Amino acid sequence: MSEQTVVRFWGTRGILPVAANARTIREKIANALVVASREGIESYDDAIRFIDAELDFAAAATYGGATSCVEIESGDEAFFICDMGSGLQEMGREASRLMKRGRAGKFNFFLSHMHWDHIMGFPHFQPAFDDNSEIVIYACHADAEEALQRQQEEMSYPVPFAAWPARISFLKMEPGREYQIDGLRVMAMKQDHPHDSFGYRFIDGAGKRIVYSTDSEHRIDNMELEDAFTFFFRDADLVICDTMYSLAATSSAKEDWGHSSNVVAIDLCRQAGAKRVALFHHDPLLDDEEIQRLHEDSIRYEKLTREGVPVEVLCAYDGLEVTL
Amino acid sequence: MDVTYVPVGEALVVAPVGRVDEATWEEFGAHLAEGIGHAAIEGRKTMIIDLSGIDYMSSRGLRALTMAKQEGVASGVSIRLAAPNDVMREILAISRYDRLFAVDPAAPSADA
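Residue numbers (the numbering used here), protein chains in the order written: chain S, 1 to 324; chain W, 1001 to 1112.
What the hints contain is simulated information worked out from the structure, not anything from laboratory work. These figures come from a predicted structure and were not determined experimentally. Where hints are given, some of them may not hold.
Chain S side only, calculated, beta carbon under 7 Å to chain W, not exhaustive [to be verified]:
no.	residue
1	PHE129
2	SER246
3	SER251
4	VAL264
5	ASP267
Glycine is no exception: its CB is placed at the ideal position from the N, C-alpha and C atoms.
All chains, please: the whole structure from these sequences, using the hints.
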């Protein structure tokens, strides 16, 4: 394990998992070959250098399509995982591999809320099938266990929750109260979302601050709550922010859908003195080029509105790792 | 924040000056609300927000525009934006507010 805290994105989409289809991959390869025909590529290493130097992200890769799941690896043994979207399946496979190599199977989950895209990965979480695993699910919702039990009822899934050999427990958190959990200080904050959602702030032993704030609407007529977010984000090293829609959409057609925009996320992080923001919970209707444009627009907005220290604008993708 | 309210034909042109950020958005919003009130009382169907004097606007200012649009709908006054500088034009595009509001390249003058 790294001595530094690493934030690992396993799922970055909102609402619904999506995947690049055969035609999309074919087009990416065709476009890359057209550009590559001008280069003298004779080896795999040459090809990698060419990709890094000549192709932009959307041409050479994909932002991915798994739904919300973010791991925080700190110096301690325990796994910290925000949300259980479809990205949890791959995370679970990797965790099982690490357990076979000797890492303890202690999993601390933090649930923003129980909408489908945030819990759908749990029935496929491989360590739950291992009696060496201990799974603790932290949530601010009183009905978190009911939601997870319900999605594994027979009409929805073949393996009932109770049949798993892993030890599973639920702990209800109180927003605004700081908890010490396996080497991290954790605090939750209530957010504006249908059936409520909660953001989480994690502080590691070195004082590095990570905020996970997804599915959070920032309304035009509730600036007091916005000030509270600025406080919650204060001096964060990384803020993972819901940026699913444009500001115009959240003020019109998507009002009351419980989501935010790149523009508000950047403003909140700038006011809070945060070092970086990761655009997160991407709209499943956006393709790679559109997400890349969202990222470029966001970098530009940060520059246009900068006051003093810059806020680094990252765009989360499935597989991104950020070392703090 | 300085602001002028100038009737031009059927419209009222509201021209604020300065930057609209976390410190000034409430004042900006109050000016817009006042403009809508004037326009409604005077029977004007349109209020044009002349942005030529606005250097920059953060999301709070943009959301004040949304509130003005909502107040305008309630009062029977439609809102148009006009004369954004290059920075404001980019901010309107990035936030997609150029899809929410009609944006004219120039504001009408009182002589027009």
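Against the structure, the hints come out as follows:
1. A hinted interface residue such as PHE129 (chain S) counts as satisfied when its beta carbon comes closer than 7 Å to some beta carbon of chain W; here the least separation is about 45 Å, so the hint is violated.
2. Evaluation of the SER246 (chain S) hint against chain W yields a held restraint, the C-beta minimum of about 4 Å falling below 7 Å.
3. The beta carbon of SER251 (chain S) is positioned within 7 Å of a beta carbon in chain W (closest approach about 4 Å), and the interface hint is therefore held.
4. The restraint placing VAL264 (chain S) at the interface with chain W holds, with a minimum CB-CB distance near 5 Å, inside the 7 Å limit.
5. Hint on ASP267 (chain S) holds. Least Cβ distance to chain W is approximately 5 Å, under the 7 Å limit.
The earlier numbered hint that this structure contradicts is number 1, and it is the only one.
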